[in-house]
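Each residue of the sequence shown is one higher than the one before, counting from 22 in the numbering used here.
I should point out that these hints are in silico values taken from the structure, not numbers from a laboratory. Be a bit skeptical, because a hint or two may be false.
[As the list claims (entries may be wrong)] Derived BS3-like pairs (lysine-lysine); straight-line CA-CA distance at most 30 Å:
#, residue 1, residue 2
1, K193, K129
2, K196, K123
3, K123, K136
4, K193, K123
[Stated by the list, open to error] Label pairs and their computed distance ranges (CB to CB):
#, residue 1, residue 2, range
5, L25, G195, 25 to 31 Å
6, G199, E179, 18 to 24 Å
7, A160, S92, 31 to 37 Å
8, K193, G105, 19 to 25 Å
9, A160, D28, 17 to 23 Å
Remember, it's a predicted structure, so these values are computed and weren't measured experimentally. All C-beta atoms, glycine included, are put in the ideal place defined by N, C-alpha and C.
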Amino acid sequence: MAPLAFDSSNQGRIAFGFFNIDVDMLLLERYFFFADLFCDRVLDLVCDGVLEPARGPKPASVFLDGWDIPSPVDRGDLMGAIAGISRRGFIGELYQAFPFPKDPGAFKQRPDGAKNRAAAVRIIEKHAVETQIPFSINAETRRAMIGEFEFDPGSFQELIDYVDRGGMPEWKDGKRPGYVARMTRGLSTVERFP
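Turn these sequences into a full structure, and let the hints steer you where they fit.
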């Protein structure tokens, strides 16, 4: 649920992850996008693109449709929102709509988080600018770029594994959404990934 710190090659430790168990949205520092789109774009690049060119066209880059919130104040305070003491910014407002569970046993990422997507979009549009985030993988070095963040193959695999697990709390009842299962099935067919 809380974003974890991951190593990028060019920006040091960065935040990436699910940040509310009721919504299927990921954050990457200042960028926000839905998890199904991330999984689909990984498949576009890895299975149909630069790493498996025999399977189809070679997209050098794809885009993640999402939102950019450059200001930390507009993003909000995740730990304060979880504790129920900060309501500022996108994250604070999202936690007003979808609060942290009182029962610690309920702290699991919901595989049906897409059902709350419309509400999440209404909230984020008050705080963010829509954007297309460039996403690419270099066929030779296997380094991934998401926006301005570069990941070596091992770090990029950690991002994928995190989404596959359902983040820090893991998927509720161990059930992954279809888009995650589709991504992991697709990646299992690639000989050299990452």
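Each hint tested on the structure:
| no. | hint | result |
| --- | --- | --- |
| 1 | K193 with K129 | 5 Å, holds |
| 2 | K196 with K123 | 22 Å, holds |
| 3 | K123 with K136 | 21 Å, holds |
| 4 | K193 with K123 | 16 Å, holds |
| 5 | L25 with G195: 25 to 31 Å | 19 Å, violated |
| 6 | G199 with E179: 18 to 24 Å | 22 Å, holds |
| 7 | A160 with S92: 31 to 37 Å | 36 Å, holds |
| 8 | K193 with G105: 19 to 25 Å | 21 Å, holds |
| 9 | A160 with D28: 17 to 23 Å | 22 Å, holds |
Hint compliance for this structure: hint 5 is the single one not met.
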